[in-house]
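Taking the hints into account, I'd like the entire structure generated from these sequences.
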Amino acid sequence: MKINILLFAAARDAVGRDSVSVEIAAGSTMSSLREQVLLAAPELKSMSQSLLWAVNNEYASDHRVVQESDAVACFPPVSGG
Amino acid sequence: MIELTDQPIDFHSLNESVMDHAAGAVVSFLGTVREFTQGVQTSWLEYEAYPEMARASLLQLEKEVGEKFTVTKVAISHRIGALQLGDVSVAIAVSAPHRVQAFEAGRWLIDTLKDRVPIWKKEHFADGREEWQHPGMSAQANGEGKQE
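Chain order of the listed sequences is A and E.
With my numbering applied, the first sequence corresponds to residues 1 to 81, in that order.
With my numbering applied, the second sequence corresponds to residues 82 to 229, in that order.
FYI, nobody ran anything at the bench for these hints, they're computed from the structure.
Errors might be hidden in some of the hints.
Stated by the list, open to error - Below, computed lysine-lysine pairings styled on DSSO-like, alpha-carbon distance capped at 27 Å:
#, chain 1, residue 1, chain 2, residue 2
1, A, Lys45, E, Lys195
2, A, Lys45, E, Lys203
3, E, Lys203, E, Lys154
What the hints assert, rightly or not - Some chain E residues near chain A, calculated using beta-carbon distances under 8 Å:
#, residue
4, Glu133
5, His159
6, Val169
7, Val171
8, Pro199
9, Lys202
10, Trp213
11, Pro216
12, Gly217
13, Met218
Here a beta-carbon is modelled for each residue, glycine too, at the ideal position from N, C-alpha and C.
Have a look at this one:
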């Protein structure tokens, strides 16, 4: 299944576009999705330890299983306020 | 009430919106654009949000603050877009029956907002450099220049 991952702030600037699409097997976890994203967008590798991942507007753990309908996003540490 | 806006924040209205006869205290916090950070001069700031998740996170803060503290009403507004020196980037107003709870709830709200809500600021320095602020990210990953 195809998953589109939204990118923000320095992550978007590093990749040069505001989203990246990857193909993953049904039942895949966030952890394997992350590996695929880093292959598709190697520009993120240098910041990968810091990146935060969200599914359906909530921070997501590595173990979370990704569904095709999920809204997934990836971004660096937040700095609002 | 929570709000994400690209317009100047009307913090007088925000304060008025939490006033209530059940409250004996209103605490208000404003975050403003600072000119100097560790000696480096800022020219202006750019704020970006992941709007859907930022709104969901702000609503979650509004819910949690009511579970953790005895508050009457809360209002949170965060601005996005280009902000000039002195502009208000975030405003929080809390009313509570007593001042201690109002202060504590207000402090918790701004601290947790900064920790959790997906909004980012990019510094545009007076010397022409620009840099995303990503607390805790390594200098190599964050590009050249100083961290927040």
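Restraint outcome when E/Val171 is required to lie within 8 Å of chain A by C-beta distance | holds, 5 Å
Would you check the hint for A/Lys45 and E/Lys203, treating anything up to 27 Å between C-alpha atoms as holding?
-> Judged against 27 Å, a Cα distance of about 21 Å means the pair holds.
Close enough to count: is the Cβ of E/Met218 nearer than 8 Å to one in chain A?
-> holds, 4 Å
Should the interface hint for E/Pro199 be scored as holding, given a Cβ-Cβ cut-off of 8 Å against chain A?
-> Since the shortest Cβ distance to chain A is 5 Å, the answer is holds.
Status of the hint placing E/His159 at chain A (closest C-beta pair under 8 Å) | Status holds, d = 6 Å.
Let me know if the C-beta of E/Glu133 comes in closer than 8 Å to any C-beta of chain A, holds or violated.
-> Status holds, d = 6 Å.
Would the pair E/Lys203 and E/Lys154 pass a check requiring their Cα atoms to be no farther apart than 27 Å?
-> Not OK: E/Lys203 and E/Lys154 at ~31 Å, beyond 27 Å, violated.
Minimum beta-carbon distance criterion (8 Å), E/Pro216 to chain A | With a closest approach of 5 Å, the E/Pro216 hint holds.
Regarding the hint that E/Val169 lies at the interface with chain A, is the smallest CB-CB distance below 8 Å?
-> Violated, about 11 Å.
Taken at face value, is the distance from the CA of E/Lys195 to the CA of A/Lys45 at most 27 Å?
-> holds, 25 Å
Can we keep the E/Lys202 interface hint, with Cβ of chain A closer than 8 Å?
-> Since chain A brings a Cβ to about 5 Å from E/Lys202, closer than 8 Å, the hint holds.
Under the criterion of a CB-CB separation shorter than 8 Å, is E/Gly217 in contact with chain A as hinted?
-> Holds. Min distance 5 Å.
Violation of the numbered hints given earlier is confined to hints 3, 6; the remaining hints are satisfied by the structure.
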